[in-house]
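**Student:** Chains as they are written, first to last, in the working numbering: chain A, 1 to 386; chain B, 1 to 288.
Honestly, the hints are just simulated from the structure, not real lab data. Note that this is a predicted model, so its numbers are computed, not measured. Glycine included, each C-beta is placed from N, C-alpha and C at the ideal position. It is possible that some hints are incorrect.
Claimed, not checked - In silico lysine-lysine, DSBU-like type, Cα no more than 30 Å apart, as pairs:
hint, chain 1, residue 1, chain 2, residue 2
1, A, K19, A, K289
2, A, K289, A, K230
3, B, K63, A, K230
4, A, K183, A, K230
5, A, K19, B, K214
6, B, K135, B, K63
Said to hold, decoys possible - Some chain B residues near chain A, calculated using beta-carbon distances under 8 Å:
hint, residue
7, A2
8, L7
9, V31
10, G35
11, A54
12, S55
What follows is the residue order along each chain.
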Amino acid sequence: MAGFSSYDDFIQKTTEQGKTYRQDWNKNMLPTTAAVAGEWSFLARGAGNPGADALFNTGTNLTFVPVTDSTTNASSIQTGGAVSPDYKYIANGSAFSAAVTTQPSILMLVDLVGYYRVTSTTTITSQAMTNTLAAFSTFTADASTDICTHSNINLLPYTRCQLTTTTTLPGGLSLATDYYIIKVTDTTIQFATSYANAVAGTAVNITDAGTGTHTINTLYPRYTSGAGLKAFMWANNATPLGAATPSLSFPAYTNSEQATGRATPTVLPVGKTAAANGLVLYSGTGAGKYGPFMPFQAPDSGIAKVDNVQISVSYVSGEFSIGICKPLISMPMTTIGVASEREFFSQIPGGLPRIYDGAALYWMIYHGAATPVNSAFFGHLDFAWG
Amino acid sequence: MAGFNSLGDYAGSVVAGDSHYSSFRKTPSQVTTAGIWFDLSLSPGNPNPQYYAASPLVAQQMKKSTDGGFNHGPDVSPSYKYANRFLILSNSATGLPMPFILCDYLLYYPFVDTGTNDEQLMTNSVTLPRWVDGKGVQMMAVSVAPNSGTLPTFTVSYTNSDGVAGRTSQTQQMNAAIANGSILTSSVGSAISSGPFIGLQSGDTGVRSVESVKFPATTDVGLFALVLVKPLLTSALLEQTAPVEVVGLSNQSQLPRIYDDAFLGLIALPRGSLSGVGFYGEIETVWN
Chain A
1 MAGFSSYDDF IQKTTEQGKT YRQDWNKNML PTTAAVAGEW SFLARGAGNP GADALFNTGT
61 NLTFVPVTDS TTNASSIQTG GAVSPDYKYI ANGSAFSAAV TTQPSILMLV DLVGYYRVTS
121 TTTITSQAMT NTLAAFSTFT ADASTDICTH SNINLLPYTR CQLTTTTTLP GGLSLATDYY
181 IIKVTDTTIQ FATSYANAVA GTAVNITDAG TGTHTINTLY PRYTSGAGLK AFMWANNATP
241 LGAATPSLSF PAYTNSEQAT GRATPTVLPV GKTAAANGLV LYSGTGAGKY GPFMPFQAPD
301 SGIAKVDNVQ ISVSYVSGEF SIGICKPLIS MPMTTIGVAS EREFFSQIPG GLPRIYDGAA
361 LYWMIYHGAA TPVNSAFFGH LDFAWG
Chain B
1 MAGFNSLGDY AGSVVAGDSH YSSFRKTPSQ VTTAGIWFDL SLSPGNPNPQ YYAASPLVAQ
61 QMKKSTDGGF NHGPDVSPSY KYANRFLILS NSATGLPMPF ILCDYLLYYP FVDTGTNDEQ
121 LMTNSVTLPR WVDGKGVQMM AVSVAPNSGT LPTFTVSYTN SDGVAGRTSQ TQQMNAAIAN
181 GSILTSSVGS AISSGPFIGL QSGDTGVRSV ESVKFPATTD VGLFALVLVK PLLTSALLEQ
241 TAPVEVVGLS NQSQLPRIYD DAFLGLIALP RGSLSGVGFY GEIETVWN
């Protein structure tokens, strides 16, 4: 079975079998404008090792773009490659500041599954997003058990998906139709016709195996149901946004229970005027400030897609992006040069943070103090799998 | 089978004496700069310093048997050896707190000239002696002849750990630190610095070899060695009164692998000059 069954099993897999990988990282604060205490920033565009991304201000307006560790110009922190069918975890990590004046602060590591670029920042009406599903895994069907076999262990239960084929889908399944995943094992599933049926375990009756190659299509490459995923908006470009303080909202989103028509609750987050590169738009202190993530309608805990976005007044100029991410670890830093160290086996209740194949890791930072441009942060991550 | 199959197996190796203890002392003579990473392998002490002195631009392997570094015990193949415990303390508060990284120094390219716009081609007559695929292997630019502080930029063309040649590093800006041993890409205020290790092309996890170095515009005087290292263990020395001790398995859920004949050394990030500051440390390895 994947994962670790005991501490002895962990020791065996990380020493005898060498299933470890260490990644050192260095990331600089964004190069354009100093951050103010209380704000959050997304550090993808900061220089360092890995270097600045050249991705998040590219792509089609309002259209979801999935991100993996091999996406061109993504410049995410590497995790040592795919290990499926094993499970990979963060076993240990460190974070430091080498800056002049930045502490205290908190670094939060996130797995960014994708983003929407928003260039229509002068439009003040609700704008619909484009959420095109992408190929996730091929599958075969067994009509005798209604069980399908696929090859991508990142698939989570209750994920909404659609199916395509090169010839004819298995009997009982249709093209251009939403199905929901009943997970049997990491590589076997059944399909349900609704989220409720998936939860109840009521599967579609498959009558034959079909012909050709069949494909499961999902929106996200990881955390496919949206469970535990958060959304945030950040200035994605060296050119800051224009002078305005709009309310920012999702008039409609789909939660991780696949319910549509969910909406950002009042009081709406308020964007910062002339928000600079990397800034989480609505972070900071005072009325209408949140951070780092967009608030959800109660009691939602995850987001499966953004259906609409709205900016209450024109941002005049500039653009931003909406990131969809899974928060993984937080590293509080108290003093320049003093390590924030986390050993996840014993220090953090709840166990080892899972790293899925293709994870695109980035740092977000909470500024406990004013943070000068290009302030340097560094550290390392130890991964282990089994 | 080599390695440990349980906590009891690990403890058994210690009890059975399949372990090695050694101490080290380093007293840098160099006037280091706050916020600039520094390579302690060039500093006097025990083990003796080394200076990355060899034929310019020709790859040189680094080994304990020929170059020194911390003594981690005998070759143990076919067993596997690990860093079990690491301790370091300082006899001075100067320069602290000071993060450090224990590295396996694998290979270096001597005497990269910062004073030319010509592409400087490396000679790769040898390959990485350990961590041979380059996964997780990083590059660092270590000053061996002072620059003047004109802060030129450069890029490195390299082969990544997947064996893909022609990869290009992030554009790096040299810092103004002039002490030998300073790592030239670690300025804390530069828009394009990258800390101790040179920023790789997006998607790369490590470096297998280097093809060339290029200064596209401004040049300087001085020389650096381009050193390929495998980082093993990270921690920080906080204050003079408190040695830092890391027990790999219990403190960091990791037992960093130490290959036979590995050259082990430290890089550190001081908060001031380390000139005359004495560091004492211990390293214990264990194998099975």
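**Student:** Which of the numbered hints are not met once you compare them with the structure shown?
**Tutor:** Numbers 1, 3, 5, 9, 11, 12, in rising order.
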